[in-house]
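J.: Chains B and A supply the protein sequences, listed in that same order.
Taking our numbering, the leading residue of the first sequence gets 1, the next gets one more, and so forth.
Taking our numbering, the leading residue of the second sequence gets 1, the next gets one more, and so forth.
Just so you know, the hints here were simulated from the structure itself, not pulled from any lab data.
Among these hints, one or two may not hold up.
Claimed, not checked - Result set (SDA-like, lysine to any residue): computed pairs, CA atoms no more than 20 Å apart in a straight line:
1) A:LYS78 x A:ASN52
2) B:LYS42 x A:MET40
3) B:LYS49 x A:LYS78
Claimed, not checked - Covered by chain B, per the in silico footprint, the following chain A stretches (three or more residues, Cβ under 8 Å):
4) 7 to 18
5) 50 to 59
6) 62 to 76
To be verified - A few chain A residues facing chain B, derived, Cβ under 10 Å:
7) ALA2
8) VAL4
9) GLY42
10) LEU46
11) LEU105
12) PHE107
13) GLY108
14) THR114
All C-beta atoms, glycine included, are put in the ideal place defined by N, C-alpha and C.
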Amino acid sequence: AQSVTQLDSHVSVSEGTPVLLRCNYSSSYSPSLFWYVQHPNKGLQLLLKYTSAATLVKGINGFEAEFKKSETSFHLTKPSAHMSDAAEYFCVVSDTVLSNTGNQFYFGTGTSLTVIP
Amino acid sequence: DAGVIQSPRHEVTEMGQEVTLRCKPISGHNSLFWYRQTMMRGLELLIYFNNNVPIDDSGMPEDRFSAKMPNASFSTLKIQPSEPRDSAVYFCASSFSGPLNTGELFFGEGSRLTVL
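Just chain B, same shape as in the assembly (with noise of 0.2 Å):
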């Protein structure tokens, strides 16, 4: 079975320093996995993807998330956050299968980041 565990509910960082929200998964089999920033009354944009390419993957507005087999861990990163980084970020699981139905996508909970001034 898949699912997503993002592992803080709400995060509070100060402007200029490092945002860090996790995420475990668990997959039967090969992952992709995503990144969803989603800021208030907007709908959910893609920040960056891991397809079974390289393992540290570089997203939009200098986030960046490093997959880890051996932890099934998918973590997203960031040096310095910024003020318009305050949003909820939801972490997703896909399986790549062989499959005629598509494939299903399994979201996290969601963690609410905060950016103090």
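The hints should help you fit chain A onto chain B, whose structure is shown.
T.: Below, chain A alone, put in the same frame as chain B:
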């Protein structure tokens, strides 16, 4: 491409009325998903289609909810009759998936439903 297009963006209706939400996926995508988001329950998958066929509707709350995808470029989510507890933001998302290939989900801006 214009992205996933949802309408209406906002709807306010009275309990008992029928509500129809619409979605146009990105051209070429073969999977379409309907999600509901509330403060209490977070983001929930209601139903997803692959090649216009409903694959998993286990998230549909009850018989008052129905979804259709008559062709590759259009889907509807209908609530009849609506109740106050249906108030939420409803998101449509689409993706392309094939054997050994998982494309990411592209989300619409959402339809904010308020049932009085």
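J.: Give a verdict on every hint.
T.: Tested hints:
1. A:LYS78 x A:ASN52: Measuring from Cα to Cα gives roughly 16 Å; hence the hint holds.
2. B:LYS42 x A:MET40: 18 Å, holds
3. B:LYS49 x A:LYS78: Roughly 32 Å separates the two Cα atoms, so the pair is violated.
4. 7 to 18: violated (count 0)
5. 50 to 59: n = 4 at 8 Å, threshold three: holds.
6. 62 to 76: violated (count 0)
7. ALA2: Since chain B brings no Cβ nearer than about 13 Å to ALA2 (chain A), farther than 10 Å, the hint is violated.
8. VAL4: For VAL4 (chain A), the interface hint holds, since the closest Cβ of chain B sits about 8 Å away, which is under 10 Å.
9. GLY42: This interface hint holds because 6 Å falls under the 10 Å limit.
10. LEU46: Not OK, violated: LEU46 (chain A) not within 10 Å of chain B, min 13 Å.
11. LEU105: At about 6 Å, which falls below the 10 Å cut-off, the nearest Cβ of chain B leaves the hint on LEU105 (chain A) intact, so it holds.
12. PHE107: 4 Å, holds
13. GLY108: 6 Å, holds
14. THR114: This interface hint is violated because 14 Å lies over the 10 Å limit.
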